[in-house]
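Student: Next come the chains, spelled out residue by residue.
There are 4 protein chains.
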Amino acid sequence: MGWDTYNAYGLDYNETVLKVNSQLLVDLGFRDLGYNVIVLDDNMQLRQRDADGNLQENRKNFPSGLKKISNDFHAAGLKFGVYSSAGRYTCGQVAGGLDHEFADAQWWAGLGADYLKYDNCYNEGRSGTPKISYDRYAVMSKALRDTGRNITFSLCNWGDDKPWEWGGDIANSGRISGDIYDSFSRPAPQCPCGPDEYYCQLPGGGCSVMNILGKAANIAWKSQKGYWNDLDMLEVGNGGMTYVEYKTHFSMWAGVKSPLIMGNKLNELSPQDYAILINPAVLALSQDSDGSAMVRRRRQSVDDKDEYGFGEVQVWQGGLSGGDQAVAFLNGGNNTRTITSDLIEIFGGIPTEDKAAKTWRVYDLWGDATMMSNTEAGRILNGTLLPAQASRYFNRTEMSFEEAIDRNMTSVMGTYVNTVGAFGSISAEVPRHGTALFRLRPVKSQTRKRDEL
Amino acid sequence: MGWDTYNAYGLDYNETVLKVNSQLLVDLGFRDLGYNVIVLDDNMQLRQRDADGNLQENRKNFPSGLKKISNDFHAAGLKFGVYSSAGRYTCGQVAGGLDHEFADAQWWAGLGADYLKYDNCYNEGRSGTPKISYDRYAVMSKALRDTGRNITFSLCNWGDDKPWEWGGDIANSGRISGDIYDSFSRPAPQCPCGPDEYYCQLPGGGCSVMNILGKAANIAWKSQKGYWNDLDMLEVGNGGMTYVEYKTHFSMWAGVKSPLIMGNKLNELSPQDYAILINPAVLALSQDSDGSAMVRRRRQSVDDKDEYGFGEVQVWQGGLSGGDQAVAFLNGGNNTRTITSDLIEIFGGIPTEDKAAKTWRVYDLWGDATMMSNTEAGRILNGTLLPAQASRYFNRTEMSFEEAIDRNMTSVMGTYVNTVGAFGSISAEVPRHGTALFRLRPVKSQTRKRDEL
Amino acid sequence: MGWDTYNAYGLDYNETVLKVNSQLLVDLGFRDLGYNVIVLDDNMQLRQRDADGNLQENRKNFPSGLKKISNDFHAAGLKFGVYSSAGRYTCGQVAGGLDHEFADAQWWAGLGADYLKYDNCYNEGRSGTPKISYDRYAVMSKALRDTGRNITFSLCNWGDDKPWEWGGDIANSGRISGDIYDSFSRPAPQCPCGPDEYYCQLPGGGCSVMNILGKAANIAWKSQKGYWNDLDMLEVGNGGMTYVEYKTHFSMWAGVKSPLIMGNKLNELSPQDYAILINPAVLALSQDSDGSAMVRRRRQSVDDKDEYGFGEVQVWQGGLSGGDQAVAFLNGGNNTRTITSDLIEIFGGIPTEDKAAKTWRVYDLWGDATMMSNTEAGRILNGTLLPAQASRYFNRTEMSFEEAIDRNMTSVMGTYVNTVGAFGSISAEVPRHGTALFRLRPVKSQTRKRDEL
Amino acid sequence: MGWDTYNAYGLDYNETVLKVNSQLLVDLGFRDLGYNVIVLDDNMQLRQRDADGNLQENRKNFPSGLKKISNDFHAAGLKFGVYSSAGRYTCGQVAGGLDHEFADAQWWAGLGADYLKYDNCYNEGRSGTPKISYDRYAVMSKALRDTGRNITFSLCNWGDDKPWEWGGDIANSGRISGDIYDSFSRPAPQCPCGPDEYYCQLPGGGCSVMNILGKAANIAWKSQKGYWNDLDMLEVGNGGMTYVEYKTHFSMWAGVKSPLIMGNKLNELSPQDYAILINPAVLALSQDSDGSAMVRRRRQSVDDKDEYGFGEVQVWQGGLSGGDQAVAFLNGGNNTRTITSDLIEIFGGIPTEDKAAKTWRVYDLWGDATMMSNTEAGRILNGTLLPAQASRYFNRTEMSFEEAIDRNMTSVMGTYVNTVGAFGSISAEVPRHGTALFRLRPVKSQTRKRDEL
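Residue numbers (this note's numbering), protein chains in the order written: chain G, -8 to 444; chain Z, -8 to 444; chain S, -8 to 444; chain R, -8 to 444.
In isolation and in its complexed conformation, chain G is listed as follows:
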C-alpha cells in the first residue's frame, strides 16, 4: 500500500510534489492505514550514467538530493520507493537497469530504498518465453538481495511472458496487464487484448478498469501470500470515473489482493474519494491474513450496454481468515439492477460444497457503518479535523484489522444486512457500474453434527 507519482504527474514531478503528498499521507491518516510507501516513478535519474557507470540523480527536479528526500520520508514513518526498467532506458527514456543491476541496486540501497518498481521498456528484445523474461528480472532480484537491505520487488512487465508462473520465485508482486487508464470501460486502441485474453501479445496501455479486471479473473488464483497479482495503480481521485465506479474499482482491487498504490493528487482529493480510500472494512478485506484473492463465479452478459458497449454482471468470492468470506456483486450493466446469487453459485457451483450448506451473516462493506461522512471527510481534507477525531477512521498502528474483526468492530466488519440460510441466496440492488461488497461470517451451528446422532 502506498502512493506513486506516475498516474497524476507522469514525468513531471519534483521535490515539492513529493513534499506535499508525503505530508498528506501522514496528515490525512493514510500512513496509519498502511499506505506508507511513496514511489518516485519514472524520471528520478538522468539518462546518462556517470563515468563509473552509476546512476545520476535528477538534480533539476530534486535539488535537495534524493538522500535528503529519503531521509525525510523515513523520519515521517514512510518508505522510499524507487523505479527503473529492466531495459536500456526507462519508459521515460532515462537510464534503465538492464546489465547494470548490481550497481543500481547498491545505489538505491545507498539512498535507503525500500521498494523497487521495475518496468519493461527498452528491454533489448529480451522477451518471448518465460525463461527469457525470468532471466532478465532474476538478476535484479539477486542484486536487491545482495544489498542486504529489505527492498520489496515489484515486477512491472505488464503480464508479458506470464509472470504469474515465475514471479513468485523472485518478486513480491507482478503486473498482469498494460497500464491502467482512468476509465471504467472505455476500449483503447493501445490496449488491444480483450478482458478474456490470458496470453496477451501486446499488453499496451490505456486499459480500462473492466479490461484489467477481466484479465485478472483467469489468474486470480495464481496470487499468493508473498506474490500478488498487480492490477496497476488506483485511479481513485483522478476524475475520469464516477463515485460509484471508483467504489467498484477500489472494491475489486482490494478483493483480488492487488497492491493498493494510489496514483492521485492528495491535495485535490474530494471528500467522497477520500472516504473510499480509507474505508476500513474494504481495507481489512484487502489486507486479510489469509491472502486469498477473490475468484469470479459468474460472468453474465447483459443487454443494457454502456456507451462503450460494455455490459456484464459478475459475481466474485474469496475466502478470508477465520472462515469469513468476501463476496462481490458487480453490475457492469447500464441500469440499476437487483443481483441475486445463491450460496451454491457463490461457492463455486458445486451442490455438494460444504460452505453452501452453512448459515451466514451478511455484512455490507460500503454501508453507513464503514463509510466516513462527507462532512467529516471534508473537514479532514481542509484541516479542521484530525483523522483520529473522525467517527469512521481506523488507525492500524493502534489496532490490527484482525483484532478489530475479532472484536466485531462495526467499521471494519461492515454493516449487518441479514442472515442467509443453507443454500439460500443473497440479493442486492446495485447501481450502474457499481458493486455490492459483502463479508460473510459463518453462524456456528446450533444443532448436533450428523456424526453425533
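Calculated directly from the structure, the hints in this document are not laboratory data. Where hints are given, some of them may not hold.
Pairs count within a copy or across copies, as identical chains cannot be separated in the list.
Below, simulated EDC-like cross-link-like pairs (lysine to aspartate or glutamate); rule was C-alpha separation at most 20 Å, straight line [said to hold, decoys possible]:
{"no.": "1", "residue 1": "216", "residue 2": "63"}
{"no.": "2", "residue 1": "58", "residue 2": "48"}
{"no.": "3", "residue 1": "133", "residue 2": "90"}
{"no.": "4", "residue 1": "51", "residue 2": "41"}
{"no.": "5", "residue 1": "10", "residue 2": "303"}
{"no.": "6", "residue 1": "10", "residue 2": "259"}
{"no.": "7", "residue 1": "133", "residue 2": "160"}
{"no.": "8", "residue 1": "70", "residue 2": "294"}
{"no.": "9", "residue 1": "10", "residue 2": "188"}
{"no.": "10", "residue 1": "349", "residue 2": "259"}
{"no.": "11", "residue 1": "296", "residue 2": "23"}
Please build the complex by placing chains Z, S and R on the supplied structure of chain G, with the hints as guidance.
Tutor: Relative to chain G, chains Z, S and R alone:
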C-alpha cells in the same frame, strides 16, 4: 495403476492415512487388480534441505520415517511412489528438485522409490518452448536412470509446451491439462482453456472431466506403449459426481489409456463406487496389450444442455489386441437419449474401411456380467466378504486379462448384447452424463474370400 | 517425382515389395515420365546402432542388403531414397539421426542414396521456434553436403516452426502439414488444425486433401525454385477417394508444385488411376520451368456441403513459362455446378492488371487429348501394350515438356476449349469434388500497341 | 522521406533508372520538400562474395560503379540508400548480410551510404522470439555505428517478433507488416493476417492499404521520435488505386508518421498524383516536430461494403506541436457519406478530457489552399514550369514547416473550414474510400480561467 494422496487429502496426510489406505488396497483386492502403486504426493519433504543439500523427510507427518513406510509397502506387495516438482519448490512450497536432480534421485532410490510424479510449480520460468521444458525434465530422467533403480517417471507439467511431442523420449506418462476437479462439466475460472484448445497457455486447475476429455481428444493418438497421456487422477469416490458420471469418468479414462490412479479415501468408498473401480471388463480394456487409446469419432452438440451449459454427444473407438474393438457412446446431454452409430462412423468415417464391412459381436462392459452387486461390494467393504469370494471380482495375479479374454470369461469380456452385420449400426439408451461402453469382437467370416472365387 | 513405400505399406515392406514396384515404375513408363526416385520409408534400419554407433540394416526385411537394392535401382535408371527422423528414433521407433547426422549421412552415401526424407518424431523437444528447428535440420543438411554426394533433402517436419521461412536455406522441399489421409474432406481428431491455420501447433496426421490444400493456400507463394512446399504423398490408387476426387488431388498437387511422390501399390493400380498419374498435360504443369505455384484467387463457401460438412468453391491461378497460365476451378460442393470466373478475378482481382486485358486461348488439361483411354491403360497394366505404343503416353526422356509445348503437342498442351477476350470469363461445369484444370495461352495481339499510335 | 526502386522496378533497375529518377527528385522539387534519400533496393550486389568475403557490385546493372552513383547523388544534394537482408541472401537471392555485418557495413560506408533498408529473407530460422530477432538485427546496428558514418537504419522484418518492442533500441524505423500492394482493400492469400492481428505469424506480402493501416492502429502509439512504425512504401502513382484512394493512403501514412518513401516511376507521374505527394499541409503534419502518430478513435463497420467485402468508417486523431491536432475521417464504405464526430470522441472518448472542452479552428488539409492545380502540376511535370514558380509549392530548404505554421501560411495550415466550440462536432462529406484530413488549432480562451474567478 495405483492410489495417490492428493485429491482426497491435499497436503494433509500422514503415516496413518498411508497405513489405512495401503491396507485397504490389499484387503479390498485393488492390489491384485493392478492398483499397486501408492504415491505420497506433495508435502513428504521439508522446505529446507540439509547442510549437504539433501532433502529432509517431513518427520512431523511421518514419524516412523519414509524408509519404514516404503519397506512396509514393499512387504505388502505395493510400490512406493514419491512426488516433487521440477522447480525450486513443489506446488505446496516444500523443496523442489530443480537443479538438485541427481541428489534427489539418489535420495528417492535410497528410500526404495518405484515411481516419481514430477510437477511443474516454481520452475523459475524455464518454459516457453518444448526444448526448454524438455531440457528441464530430461535431467531428472537421466538422474533416475543413473540410480540403477527402475523408477517410473510421470511428468506432471500440465500439458505445458506439448509434452506429447517429447515426453516419450524421457518418461512413462505425461499430464495433458491442469488439475482435475471432482465435477462432470463445471467450468472454472482457473481452467480458462476450453476442451478444444490443444495449445493451452494457462493450464490452471479445477478442470472438469469433460474439459480434460476434450483436450485429450486431439492428442489421444499421441499415446503409445511406454508413454501414456495422463488425464489426471480418478475422482471416483469423492462425492462431486453422480454414480453415472463416475462410470463415464472411469470408462473414458480407461479407454484413452490414461494411468488409473485413484485419488479417494478408500475407507469411505461406497459399494457403488467400489464396483466401478474394480470392473474387470473395463480394466481389461485399459490394460489391453495393444495399447491403443480410443479416438473420438463424433462430437455433436445437443440442445439439452446441463446447468453449466455443457451438452454434447460423443462417439469414441479404439483397437484392442486380437482385433477386438472398444467403442464408447457418451451422452453429455441433459436427458436420457438413444445414441446410434454405424460401423462406418465408428471406424473413422471412411466407407471403404475394411472393419466397417465385418460382422461384430457386441459386449456391454457395464452390464450385469461384469458389475459386482451392491450387496457383495458392501460386504467386501465392511469386511464380511473377501474379494476372492465375490462373484465378479477378478484376480489378475492368478490369471491375466489376456487369458481371461481368450477363455471368453464373461466378467472380463462383458455382457453379450447382439451381433451387428457389415455396415450395420449399434444403438444404446444412455442416461444423462452416462456412457455406454462396448467391446466388439469380429465374427470369423464363413464365406470364401473374394480372391478365392 | 517418385514413389514411396509408406502410404501403401507402412512399416511392412520388404525386398519383394521394392522389386515389384521398382520394376513397375520402369515397365509402366513412370520412370520415363520423371517418377524416378524410390524412397524406402520408415523401417529400413534397426532400432539399435552397432558398436561404432553406425546404423544397421534391417536384414530381416532386406536379406540381400540395401546396397544390392540400391545398385539394382541405379542399374534400372532409378534413384535410391532413404528415410530417417531428426530425432532419437524414427516415427516407427527405429534409430533416428539426431546427433548422428554425419555418421548417418556417410552411411547413406555409402549405400548410394540420392534422396533423404527426414522426419520429426522423437525430436527431444528441440522445437518451439524457427531457430531451434532450423538448427536441428541444418546439421543434417551440412552432413549431406559433406558426403560429396548429391542427395536431395526433403524436410518432413509437418510445417512445425514454419519451414517455409527457413527451409530454402538448407533443403529442397518441406512438408507443410501433418500426414495425408486417403480422404477428400473427412475431418480427423488427430488433425485438429483447420485449413485456415497457417501456424498450427499440432500438425498431427490423418489430414484430408482439402485440409492440406487449405493450409497450402496461405503459403503457396513461399514455394520457389529449389525449395518446394510438400503437401505429402499422392494417395491416387489407394481406394479412399473417387476417380473425380483423385483427379482433383492430382491437379492441385501438380498446380502448387508439390513434389509428386506416389504412395500406392503399383501392382494394384486401376486403369483410371493410372491414366491420372501419367497425364502429360498435368505433369507438364507440375514440372514447368517457371516454378511458380498456383495461388488461390477465390474461396467461396457454398451451401451444398458434403457428408463431412465441407463445401466450398475455389479458383486458383499460377504463371507458367513463356507467359502461359494455369487455372483451376475446384468444386468442393456436393453437387455438380458451373463455375465461372473472369480474368480480373483469375489474375488477382486487380482491374488494372495487364493480363486481364489480354486475349487467351483456353486448353483443358483433363480432356480427351491428354487422357489415355481405359482400354489402353488396362492393356499397359496387364502387360499387353507397352507405354510407348499407347496413344497418350509421353516419354520425357525423348522430348522435354518444354519442347512439346513449343511444338504445341496436344497431349501436353491440353484440349483446346475456346478463346476468351479481354476481361472475359471462363466457365466450366465441374462435378462434385472435381476440378477443371486449364492452361491459358496468350494470343499475340494483332493490333498495334498503343505507343505505336 | 525519399524514393525507393522496389515497388515500381522490382529487381530490374539500373543506372539509367537511378539517373532519371534522381534528376526528377531534384527537378520536380521533391528533394527540397524532404524526399532526399534514394534507396537502391534489392539487387545492387551479386550473389557471390569476393575472395575476401566482401560484397561485389552488380556491375551489369551499374557499369559506372556504385561509388560514382553515390557521388552523383551527394553532389545533387541527395542521400545514398542501400539495401540488404539479415539473412544468407536477400529476398532477390543476392548476398545477404547475416554473419557479414561488419564487413558489409564498412563496404557501404565506403560507398558513402546514408541509409540502410535491412530485410528479413533467408534468415536461417533466426526468429521466433523478440530476443532472437533483436540479436540478429542488433549486430548490424552496431556494425553501422562502428563505421563512424551516420547511416539511418531501417528495419524491414515485416513486424515479425514485434519490432515495436525493441526496434527503438537499435534502429530508426521498423516495418510492421508484409509488403504493401497497390490496392485499397483487396485481400490476398499471401497476406493472411487480418487488419486486427497484432501478432502475425505469417506477415507475407501483397497486403492492401487498409490491411496495413489496420495493423498500424494497434501499435500506432509505439511510434516515437527516433523510431517510427514503417507501413511500407507509398504506392501513389502506380495506378492500382483511384485518386481518392491515393489521397487516403497518403493522408494516413503521413498521419501515423510512417516514413514517406515513394515507390513509383517519377517520369510517369500524373499531375494529380504529383499534387498529392507535394501537398505541403499533409507533409507538415507528417514532419511535425511533436512526432506523435495519430491513433484510431473509432472503427465502425458499415453495410456498404466494396467489391472485396471491406466496409468501415474510421476516425483518427493525433497531437501536433504547439497544441494543434490532426484529425482524419476515413470513409472505407462504398458510398459517399457524411462523417461526424464530436470532440469527446476525437480526443479519446473521455468526457472529462480538457481538449474536448476547448474551442478549435478547423483547417482542411486537402482543400484548394494546399492543393496544386492540375494545370500547374502538369506544367511542372512537362518541364514548362519550375516548382518554385508554382503557387502551392513549398520549399522546405527556404523555410521550415514550423515557421510556415507560425506565420499561418495557408498552403501549410490548410483551408479554414469553421470553428467548433466546446464539446462540439466536426462533420465532413467524404467520398467512397476517401479521407477528410484536418488540422485543428485551439482558440485562445477569451474568458478568465476558472481559478481566476
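Student: Hints first: check each against the structure and report whether it holds.
Tutor: Right, here's what the structure says about each hint:
1. 216 with 63: neither (30 Å within a copy, 38 Å between copies)
2. 58 with 48: within (10 Å within a copy, 48 Å between copies)
3. 133 with 90: both (13 Å within a copy, 17 Å between copies)
4. 51 with 41: within (16 Å within a copy, 53 Å between copies)
5. 10 with 303: neither (42 Å within a copy, 51 Å between copies)
6. 10 with 259: Cα proximity of residue 10 and residue 259: one copy only (15 Å, versus 65 Å across).
7. 133 with 160: Within one copy only: 11 Å inside a chain, 25 Å across chains, cut-off 20 Å.
8. 70 with 294: neither (47 Å within a copy, 58 Å between copies)
9. 10 with 188: For residue 10 and residue 188, the Cα distance exceeds 20 Å both inside one copy (40 Å) and across copies (46 Å).
10. 349 with 259: Intra 46 Å, inter 23 Å, cutoff 20 Å: neither.
11. 296 with 23: neither (40 Å within a copy, 53 Å between copies)
In the structure shown, a violation is registered for the earlier hints numbered 1, 5, 8, 9, 10, 11, in ascending order.
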